[in-house]
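K.L.:
If you want the building blocks of each chain, they are given just below.
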Amino acid sequence: MNLLSLFQKRATAPVARERLQILLAHERSITGRTDLVAVLREEIIAVITKHVAVERDKVQVKMERGDAVSTLEVEIEIPTALAPAESAASAAA
Amino acid sequence: MAKVLVVTSGKGGVGKTTSTAALGAALAAMGQNVVVVDFDVGLRNLDLVMGAERRVVYDLINVVQGDAKLAQALIRDKRLDSLSLLPASQTRDKDALSEEGVDKVMAELREKFDWVICDSPAGIERGPTLAMRHADVAVVVTNPEVSSVRDSDRIIGLLDSKTLKAERGERMDKHLLLTRYDPARAERGEMLKVDDVLEILSIPLLGIIPESQEVLRASNLGTPVTLCNPASAPAKAYSDAARRLSGEPIAMAVPNDRRGLFGKLFGRRAA
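Top line first, the protein sequences correspond to chains A and B.
Each number in the working numbering corresponds to the 1-based position in the first sequence with 990 added.
Each number in the working numbering corresponds to the 1-based position in the second sequence with 71 added.
Note that these hints are calculated values from the structure, not bench results.
Don't be surprised by glycine CBs; every beta carbon is placed ideally from N, CA and C.
One or more hints might be untrue.
Said to hold, decoys possible - Chain B regions said to be covered by chain A (calculated; three or more residues, Cβ under 8 Å):
1. 219-232
2. 237-249
3. 253-265
Construct the entire structure; sequences and hints are all you get.
P.N.:
Here it is, written out as structure tokens:
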């Protein structure tokens, strides 16, 4: 055993780092995107504001997680002046 | 407006209870009205770390089940007027905590305090998810060690999906508190560096608590480390973290309390 191998034996942190990066990339792909609701909300707001002026806090996205089925509830309040027929649109999927 | 903060980690033994006590005491010392809540039903320890174990009469479960009023269960800290403790039950199990009961207690605590700090049990089951449910802010306590980092990643996933904030489609405010950090070992490549952990977990850094004998000394005495020896390195690191939580911009540094040769030879104190 020379001096160099002594030194190499010590620097174990890079190994830990690499093992974690590989493991977590795998585990995250199984559990899926965890901030799904926040991402959905942003994209829904982006789509709606293309066509109607809505206030950000009038867009509600809720996820109810169940064992077999999860439900996504989207509630968007649209100012009456812009959409006289439907002041609020609700969708459940 | 009150802020609810959960101190969580997934893995046990990384410093959740120590951090809850230290951050709570630091915020209270800054003049904030603080309550620390022990959610570890059946394995309560926050009372012991806070030095209030002989003053527990009623607990969280008694309040949740309506057997005691909140005011009867709250224990006012003897050192800091603005710091209170809501202990967990030692004899019941976690199933005694109902979601509705916790909702009610949290609403009441929000009215009374500026900060409600929830000390989460380890794991990813019902206890930890109840502890994080009402949080506005999460402090993820992590050691620079592979199993702790992996479990923190898992907990971050739960914070983004199982909390009321996540269910409303809002983004949970998450912060990393790196504890038991040894800058010298990290520099020698023997320990994950701050940047390694930050890159892997990708949440903002709240503070770096150096490995220190002061932490055990404080818990031996039943005093939060920020009160036990405010000049020590971990106390300074926790106080800085508390200031960052309340919005003060404080530059990030790793305080150290290495003593000189003289201190090493003669400075040993009995705790």
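K.L.:
Look at each hint and say if it fits the structure.
P.N.:
A quick look at each hint next to the structure:
With 9 residues carrying a beta carbon less than 8 Å from a beta carbon of chain A, the region 219-232 of chain B meets the three-residue requirement, and the given coverage holds. Counting residues of the region 237-249 of chain B whose CB falls under 8 Å from any CB of chain A gives 6; the rule of at least 3 is met. A count of 7 residues in the region 253-265 of chain B with a Cβ less than 8 Å from any Cβ of chain A is obtained; the coverage claim is therefore met, three being the minimum.
Of the hints listed earlier, there is not a single one the structure fails to meet.
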